[in-house]
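J.: Residue numbers (our numbering), protein chains in the order written: chain W, 5 to 270; chain S, 3 to 269.
The hints are simulated quantities; they were obtained by calculation from the structure and are not laboratory data.
Just so it is clear, CB atoms sit at the ideal spot from N, CA and C, and this is done for glycine as well.
Check each hint, because a few of them may be wrong.
Partial list, derived from the structure: chain W residues whose beta carbon lies under 7 angstroms from chain S [stated by the list, open to error]: (1) Leu58; (2) Ile200; (3) Trp204.
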Amino acid sequence: MLDAIRLYLHMASAGLRSQMQYRGSFALRSAIDFGVIVSDLAPVWVLARYFGHLDGWRFPELALLYGMVATSWGTVEVTLRGFENFTVYLLRGDLDRLLLRPRSLILQVAAYEFEARKLARIAQGLVVLVLACAALRLGPESLAWVGLGVLGGIACFAGVVMLGAASAFYTLGEASELQNILTYGGSAALSYPVSIYADWFRRAITWGVPLAFANYFPALAALGRTESAGWPVALPWLSPFACLACMGLGMAAFARGLRRYESTGS
Amino acid sequence: MGSLRPYLQFARLAFQRRATYRLANWTGVAVNFFFLLVHAQVLLAFFRARGDAAGWRPQDAVLYFAASESLLMVIGIFPDWRFNLGERIRTGEIVSDLLRPVTLYGRELAERYGTGLYYLLTRAPAVFAAGWLVYGLLPPLRWELALFPVSLALSLAVSAGLWFAACSSAFWRESSNAELSAIVFVNSFLGGVFVPLDFYPETLRWLADALPFRATLYTPVALLAGRLSGGALAFGLLHQVVWAAALATLGRLLETRGLRRLVTQGG
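So here's chain W without its partners, still in its complex pose:
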């Protein structure tokens, strides 16, 4: 395991060095990536400023939701980048090369095309998260809930991208847009409290894909809110289990797809 992690870091730093060859470009892109996410949060700010609150949630609380989901998704986007682009490796035959190496395939795929500039994503999510926690004056117990939520979100999004990669074994990437709904769409949807959505939509992002367990329920616990939606009070405690189940499902699906893989050779 330790060896595998060392390998991951080695591959990631190789990616970093290759991207640092064009220093100006690297700096510019990192700055822009930072800006892109500012433009993600900006609409929340604009609307909260105009309307005052959303279903009782004010801007700092909305920023907490956003910071949690942005940190989780950012972490997955950076560390598991290879799973997001997995279709391309499958089509180009890069996967065969990885399979030849006597190391964990999951770690190799994860570190493939490590994009250092995306570290700005995690940074931005974290900055929003820290500022929101400070503005809300969260106590240690609340902070523990926030941390748990972020970790759960990482597991949850990891499950989703692995599931997406697994589907590539069967569909050769025609379904990759659908994965984007769950990742980019999911993180956009979860920047707002789940209670505002219509019933069927709310159920889909709670029980279909357990994204609501990644930020909404832990945030409820952290803020000490009891929502009108009528969720059982114990639901936040379910969060780690739901998120880990999602990740387990993704890993299992990926392993299953891999067993069925026969390369493209003649």
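Place chain S on chain W using the hints.
T.: Relative to chain W, chain S alone:
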């Protein structure tokens, strides 16, 4: 400019390239529809506490997002990361463009219209129909709607102009990807992709009115949703005309300057 025929050919080819990936287009409908649901529900929830805001009623907001998600791909708010002018400059493929009897700017414009037409015939009606099935809202019939095709055509010209300016940075730098992402992010924020500009604070609103970005999405979408009329409509259209012309001039300037700098490898 020479003859118009090669440009029509480029427009046709751009249309056909999109038409090749049918399934990708249908899954794309699902993505647009998902974001329509999110944006509409969020704004509806904000409206819940009050009946109207900035002269908008809740149904106007839904209609706005139905229109914007339908037209995103038509107008081209997101670039094609793999096939674009910047990549052609980077790889040196640009030399084959120089042998053709077209200007680079003209080609960009022609391809934008070809791509836009494809999405206008396929993606836009599908997304709009899905939105209609959920919310049952149609654009209010009024004489201003007759100006919608004009506004849409102008928005494609502005969009092509922005992409061209971003891509041509590859003449000076090793890649134009950073500039492309910059345009995406300013375009989505100041073009009203996530929030209609009407809810912006005064200074941001002023900035959005001065810069070209509202000409891509906000003007045609607000017009379709019935939120632009009278002086605001006249300003919107004039703003589009001015920026389309200004970006075309800038584009041609960048083209001549850039080509003078261009060095490609090989014999």
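J.: Please name the hints from earlier in the document that this structure breaks, with their numbers sorted from lowest to highest.
T.: 3
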